[in-house]
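Chemist: Here are the chains, one letter per residue:
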Amino acid sequence: MYRSFLLAAFVLAALLARPAAAQQSFSLSFVDDLFNGEPTTEVNLAGPMLGMVADASRDDDPNLAETIENLSGVFVREYALSQARAGAVDRIRQLGRTLERDGWQTMVRTRDEEEETFIYTHPQRGMVVVTLNMDEDAATFVEIRGPGSAASLGRLGGRFIHNGRGNN
Amino acid sequence: MTTPCTHTDRVDAYLDGDLDPAEAALFARHAEGCAACTAELALAEQVTGLLQAAPCPPCPEPILDAALARIAHQERRASDRGALRTAFVRRPFRTAAFALAASAAIVALALGPALRPAPRPSPAEIAQARADVELAFSLVAESSQQTGVFLRDDVLGPHVTEPAANSILDLLGPAE
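These protein sequence lines are chains D and R, in that order.
Heads up, the first sequence stops at 175 in the numbering used here, and the numbers go up one at a time, no gaps.
Heads up, the second sequence stops at 270 in the numbering used here, and the numbers go up one at a time, no gaps.
To be clear, the hints were calculated from the coordinates, so they are not data collected in a lab.
Careful, some of the hints might be misleading.
Stretches of chain D that chain R covers, calculated by requiring three or more beta carbons in the stretch to come under 8 Å of a beta carbon on chain R [to be verified]:
| id | stretch |
| --- | --- |
| 1 | 53-60 |
| 2 | 100-109 |
| 3 | 113-120 |
| 4 | 131-142 |
Glycine included, C-beta positions come from ideal geometry on N, C-alpha and C.
Just chain R, same shape as in the assembly:
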């Protein structure tokens, strides 16, 4: 068991590159001789490795296609500008950054449909939707009209109007 060290809480900041260069160098020198901090750094790398090795949940194909298309588009733009930036990144930070980026990408892919504003339909699609609404309303009207005709001809006529008329005629007696 390693002896507790008050500097282990700086491991995350060190890995994330949040320490300024002087502090980072100081911590790196300290970690070389501190079993607790060395163990903490090793554990962090182990967790990162495990996360990278874990099976990725399947991504819905449309989201994947959209993401790949966007990446390709951005790569083309970057290439066009001739501004492909390279930077020296320390290995622990690069590993952590990769893990963070991978997690963020998975979250973004999963949340994509909810966060992305729905594409505005084209005028043709809106016109088709209006035609669909008119179709639905016309079906309602058609049913209502047929029902109305049915009520008039098959219900009100034979069962109400005609019997009532016959009763009145009976009361009035035969025409002279």
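Bound-form chain D, shown alone:
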């Protein structure tokens, strides 16, 4: 009994001492492998932090609080487009196919000389917005994780367009 306990505790400790980082993953993580260097903007908000932001916003912005409350994650990556690895832009353009296989819908796909925009939505999983801006040399990825309507998110976000970037 005594020795069995010691051995069991030792084995358990050795197993649990493995790094826990491998347990974390999110759908935007693939983006980090497409670029050289660090993102210019990186936002990873999930779990209790979102709840606290919702609580802190309840008095002065109840709409924002209610929207955040229903979300399980908010992730942003911005990279310099010139730092994209070979073939990365093609992979980004083909992202829609992968998402569509997983039940996502391509809501918008627009292309002109200066900018390409892709908006993908899923009724339960949320929304992914990808913008490739050639003029500004920027690739932007936003994932809003959780149920929510793209229209209401757009309306809500419209109020922050002029101060959102300034705060970061």
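Since the structure of chain D is already known, use the hints to place chain R on it.
Modeler: Leaving out everything else, chain R in the frame of chain D:
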């Protein structure tokens, strides 16, 4: 091969110090003359020694730092109170206790991040998180608006509204 003894099941309790003093003395006297119990005690000490000699799995640095800081804090408190307690501990029990404590410490260090409640973010961190959410929402809105403008100016205008207007004008004929 040693002859089986019905008292070997008391070895763990003896080593753990769970026997009362009279029982412990009785068992110690018995063990001196019992080959099975002596062998069992020796084996227990051997296992303890092996466990102590085994390489310890590397501990993540942040956990180690936090544990060391906590130990230092507790030592300071104990020192402040001037209540450093010393006690006589028998060697077998001390060895077993050390092995148990070492195992428990490793388990605690490994489980630490999962069991320890996450520190509550400061108001400044919450405010920054809110700014980050607003940034994300603004990026979504910006893309939606640009897309809306693109649809209106580049799709609906030249491909739907203008052709429809031209068709109607053609049907109506030239203005008089």
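Chemist: For each hint, tell me whether it holds in the structure or not.
Modeler: Hints and how they fare:
no., hint, verdict
1, 53-60, "holds (count 5)"
2, 100-109, "violated (count 0)"
3, 113-120, "holds (count 3)"
4, 131-142, "holds (count 3)"
The structure fails hint 2 only (numbered hints given earlier).
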